[in-house]
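Residue numbers (our numbering), protein chains in the order written: chain Y, 1156 to 1269; chain L, 62 to 173.
Please note that a few of the clues may not be correct.
[Said to hold, decoys possible] Computed from the model, here is a short list of chain L residues facing chain Y with C-beta under 8 Å:
#, residue
1, Val-74
2, Phe-95
3, Gly-104
4, Leu-105
5, Phe-107
6, Lys-110
7, Tyr-122
8, Phe-124
9, Asp-155
10, Asn-160
11, Phe-161
12, Pro-165
[To be verified] No farther apart than 20 Å at their CA atoms in a straight line, the calculated lysine to aspartate or glutamate pairs in the EDC-like style are these:
#, chain 1, residue 1, chain 2, residue 2
13, L, Lys-110, Y, Glu-1257
14, L, Lys-119, Y, Glu-1257
15, Y, Lys-1177, Y, Glu-1222
16, Y, Lys-1196, L, Asp-70
17, L, Lys-138, L, Glu-127
18, Y, Lys-1191, Y, Glu-1222
[What the hints assert, rightly or not] So these bits of chain Y aren't anywhere near chain L, every CB distance computed over 12 Å:
#, residue
19, Asn-1172
20, Arg-1218
21, Glu-1222
22, Cys-1223
23, Thr-1269
The set of hints was computed from the structure by calculation and includes no laboratory data.
The C-beta atom is built at its ideal place from N, Cα and C for all residues, glycine as well.
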Amino acid sequence: ETGVTQTPRHLVMGMTNKKSLKCEQHLGHNAMYWYKQSAKKPLELMFVYNFKEQTENNSVPSRFSPECPNSSHLFLHLHTLQPEDSALYLCASSQEMRQAYEQYFGPGTRLTVT
Amino acid sequence: AQSVAQPEDQVNVAEGNPLTVKCTYSVSGNPYLFWYVQYPNRGLQFLLKYITGDNLVKGSYGFEAEFNKSQTSFHLKKPSALVSDSALYFCADDNYGQNFVFGPGTRLSVLP
């Protein structure tokens, strides 16, 4: 899993905290994704960046704010989260957003909101 | 938009026996279908994909999948299961290149 790395691996934060999740891909890909994985629910796509431009925002609450400074890095800024936001947050990358390229995932950040 | 269904939450199989994890997709054009595996505390790993051509696709770790257009299915198979194959398996469709649509996942348990 050295292709896509995520930090931190675990995060516990209070509802009033501000924190950021970081994702880095070393594969030379041009598309990057944030997913939320909750227990008993399908994987939820949150944001998509293709060539550093945001192309998808699946009705994600504004307390989640993505940032993509370049094609290799992706951040998810978190503030005033709710307990129901506790989940595994997965970052992925692919060669491009279209053309049926497979996605490569990082190990995820396990977030707990207290 | 495409949708993907995995009708079984859990599949149990004895080590050495063949395994099948089922996936069906909604009918609309030509799908691009994928299988991923997730081990505990890990991200998803790509196993194989079907784009076009031969209906039998071979992938990593001895897995293969058969695309069946008439049954709108893309079942994952392996001739002889290993205990180490125990994991969560996801089928996905790329939804006309817009984004991936993942199935709910099937937990595979291979019993020694």
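What are the numbers of the hints that this structure violates, sorted from low to high? Those not satisfied are hints 1, 7 and 8.
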